[in-house]
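Those sequence lines, one after another, are chains S and D. Quick note, in the numbering used here, the first sequence goes up one by one and the last residue is 325. Quick note, in the numbering used here, the second sequence goes up one by one and the last residue is 219.
Where hints are given, some of them may not hold.
Claimed, not checked - So, partial list: chain D residues that the calculated Cβ filter (under 10 angstroms) puts toward chain S:
1. Glu-3
2. Arg-103
3. Ser-106
4. Pro-107
5. Gly-115
6. Ser-119
7. Gly-120
8. Gln-122
9. Gly-126
10. Ile-127
11. Thr-195
12. Gly-198
13. Arg-201
14. Thr-204
15. Lys-206
16. Lys-213
For the record, the hints were derived by calculation from the structure and aren't laboratory data. Don't be surprised by glycine CBs; every beta carbon is placed ideally from N, CA and C.
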Amino acid sequence: MIEFEGVSKTYAGSDRPVVNDLTFNIKDGEICVLVGPSGCGKTTSMRMVNRLIEPSEGRILIDGEPNTSMSGTQLRRKIGYAIQQIGLFPHRSIADNIATVPNLLGWDKDRTNGRVDELMDLVGLPPDQYRGRYPAELSGGQQQRIGVARALAADPPIMLMDEPFGAVDPITRDRLQNEFLHIQENIKKTIVFVTHDIDEAIKMGDKIAILKEGGILAQYDTPENVLVNPASEFVQSFVGGDRVLKRLSLTRVGDVELEPPTGNGHDLPRILEEWSLRDALSEIIGAGADRGVVVQNGDSNGSSSGTITLDSIREISHGAGTPRG
Amino acid sequence: MDEFMGVLQRPDFIGNLILHIEYTVLATVLGILIAIPVAVLVHRSNAGSTIAINVGNIGRAVPSLAVLALMFPVFGLGFDSALFALTLLAVPPILINAVVGLRQVSPQILDSAKGMGLSGLQVLTGIQVPIAAPIIFAGIRTSAVLIVASVTLATFIGGGGLGDYIVEGYQRNSTAIALAGALAVAVLAVITEATFAGLQRAFTPKGLRIAQKRGRATK
Numbered sequence: 001m002i003e004f005e006g007v008s009k010t011y012a013g014s015d016r017p018v019v020n021d022l023t024f025n026i027k028d029g030e031i032c033v034l035v036g037p038s039g040c041g042k043t044t045s046m047r048m049v050n051r052l053i054e055p056s057e058g059r060i061l062i063d064g065e066p067n068t069s070m071s072g073t074q075l076r077r078k079i080g081y082a083i084q085q086i087g088l089f090p091h092r093s094i095a096d097n098i099a100t101v102p103n104l105l106g107w108d109k110d111r112t113n114g115r116v117d118e119l120m121d122l123v124g125l126p127p128d129q130y131r132g133r134y135p136a137e138l139s140g141g142q143q144q145r146i147g148v149a150r151a152l153a154a155d156p157p158i159m160l161m162d163e164p165f166g167a168v169d170p171i172t173r174d175r176l177q178n179e180f181l182h183i184q185e186n187i188k189k190t191i192v193f194v195t196h197d198i199d200e201a202i203k204m205g206d207k208i209a210i211l212k213e214g215g216i217l218a219q220y221d222t223p224e225n226v227l228v229n230p231a232s233e234f235v236q237s238f239v240g241g242d243r244v245l246k247r248l249s250l251t252r253v254g255d256v257e258l259e260p261p262t263g264n265g266h267d268l269p270r271i272l273e274e275w276s277l278r279d280a281l282s283e284i285i286g287a288g289a290d291r292g293v294v295v296q297n298g299d300s301n302g303s304s305s306g307t308i309t310l311d312s313i314r315e316i317s318h319g320a321g322t323p324r325g
Numbered sequence: 001m002d003e004f005m006g007v008l009q010r011p012d013f014i015g016n017l018i019l020h021i022e023y024t025v026l027a028t029v030l031g032i033l034i035a036i037p038v039a040v041l042v043h044r045s046n047a048g049s050t051i052a053i054n055v056g057n058i059g060r061a062v063p064s065l066a067v068l069a070l071m072f073p074v075f076g077l078g079f080d081s082a083l084f085a086l087t088l089l090a091v092p093p094i095l096i097n098a099v100v101g102l103r104q105v106s107p108q109i110l111d112s113a114k115g116m117g118l119s120g121l122q123v124l125t126g127i128q129v130p131i132a133a134p135i136i137f138a139g140i141r142t143s144a145v146l147i148v149a150s151v152t153l154a155t156f157i158g159g160g161g162l163g164d165y166i167v168e169g170y171q172r173n174s175t176a177i178a179l180a181g182a183l184a185v186a187v188l189a190v191i192t193e194a195t196f197a198g199l200q201r202a203f204t205p206k207g208l209r210i211a212q213k214r215g216r217a218t219k
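Only chain D is shown next, with the shape it has when bound in the complex:
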């Protein structure tokens, strides 16, 4: 117990916690900035969407550690390498959900929007994105939680973060130290999950929430 508390009271603990959060936020934001524009570009094309979804699925199947390992020859050890690898991990769930979300808006809704004189951009921003918002947010939520967990691996390429304590715990054969790091990550993951669940709900337009509750097909 003392060892456990000792970790939490170490001067570098707060720094690693903040770094862990920093990785998560940056990787998720970069993931959004990459995945959403790609989804917007490809979703109208069947071939483009299929490629994007398949690349996304392959991306999800690649183990996190392998992605990290592949990066360090390119960027060397440390922050950049870890962030790049984490961003690559963040992209697939957001990309897949954004493509699926934008594509599942019914052709009738798009047709009536266009038929009333909305421009292509107005259809995208005013109709498709709001209707797809819950699905897009579910993707971001998946990514964020995935990243929180994966940042623990950054330690292997000298990236720091809460993974340091887990590895240290193993090396020093101290469950308490490893547990301190692991629990902190778990708490972060739960907070992330809850935050994004709230955001997802907040970004679901009221009309869609009613539709979901009523089980009506409005997509």
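With the rest of the complex left out, here is chain S:
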């Protein structure tokens, strides 16, 4: 657990804090997304966890211990760190980049090599092909994958991620986000994730901390609750006018109760189970229908598990208490 206790940061020579009396907890195994407009102190807040920045007031506890109980360097070796510009070391091979923290911790060669291979497989870059390559030989998306693998290398319980998928095109970003969520299901890290993009926050976060200018915590809650009950006008406008649609994007088609298939449904749009309700809504409206046939995979003759109707989507969007997928 990470506990912020009345944490403030005011830089020397400034009378206005960039982070103002921040108090909240991040539970083990959760992704907490810090989100807000520029100048809201989200990155500063994250960087105080591993003491790249020291707070002016308050303290941060990690598993009950103040994070000042060991040297900053020691602390940082125990916390994964991945940033937007990736920061891969251009003069080191991919394997050496990933091995950075294990080498700092003095792991033996076999253990480090085994871990590097394991992580490269995990992020989908086959070690036999990529181990000896250099960052400049990789695409932006591949570099971001390596950045994440490097942050995971010593299996730290906590990860700090500052817009880790920021430097790639939207399609690649979407894929990297999905891959990472999938990885997180198994590794269950406690993650502080910084982004300026509310859609990414809603997608990635178990909890979202919305910060406003001056580093004030405007709301800290689940994505669901932030969308349904914005705590203030600021949150409402930050979340955007399409918050109902955003909420639909939280639920997978496969997670809602479907109606039984009707007729042969040949003229109805096909909806994939893994799509979000938002995508399903778009598809149904786009096809000029009032319902769609839900199928398990892209295969057009895949078995249908039911139909989803506009009415049922409307009902869910009214907050009928659908559990989050």
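Dock chain D against the given chain S, drawing on the hints supplied.
For chain D alone, kept in the frame of chain S given last:
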């Protein structure tokens, strides 16, 4: 032609050639030993870097002969004076390149290094210096070639070296003698240039060479 060959066969020729090389090696090594630590000390500070680079540029603008002339009242005539002056000439290119090289490593790379728990020294030796190595080496190469040429001036303060023959050639109005000295210096300069070009390449980490070839911004 006989006069030309005669110079090369003189008993003191090898001695002066070795002395010339000795000056070059010593001045370059001393230049490195002075410039690199200074660059390491100042590169984190904007003001310090600006001062170092400007001092370096002024140093480069001062004519070699003037530096030599300024030294002999202090150290007298001879080897010490010449070596001191040559070292002063060697410092600026190395200093400028080292400061620029260390500073141009991207803040993101430094941030991720620090964020993963590298100590300040580990960031410097493991990240900054290797990434800056090609630029630092380019500075050393410039200095070494500059020094090879400048050692010819050591003769004016009794420092010896291949410059002796060039001056002798002028004094005795013999192009052949002057040419013998000048050609020897030219050959040394070419060898120095080639050696350091090789070293520069050898000290450029493979990942950076690939990045340069691909024209990617990895700095």
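Here's how the hints hold up against the structure:
| no. | hint | result |
| --- | --- | --- |
| 1 | Glu-3 | 53 angstroms, violated |
| 2 | Arg-103 | 16 angstroms, violated |
| 3 | Ser-106 | 7 angstroms, holds |
| 4 | Pro-107 | 9 angstroms, holds |
| 5 | Gly-115 | 4 angstroms, holds |
| 6 | Ser-119 | 5 angstroms, holds |
| 7 | Gly-120 | 9 angstroms, holds |
| 8 | Gln-122 | 8 angstroms, holds |
| 9 | Gly-126 | 8 angstroms, holds |
| 10 | Ile-127 | 6 angstroms, holds |
| 11 | Thr-195 | 23 angstroms, violated |
| 12 | Gly-198 | 19 angstroms, violated |
| 13 | Arg-201 | 14 angstroms, violated |
| 14 | Thr-204 | 9 angstroms, holds |
| 15 | Lys-206 | 7 angstroms, holds |
| 16 | Lys-213 | 8 angstroms, holds |
In this structure, the hints that do not hold are numbers 1, 2, 11, 12 and 13, in rising order.
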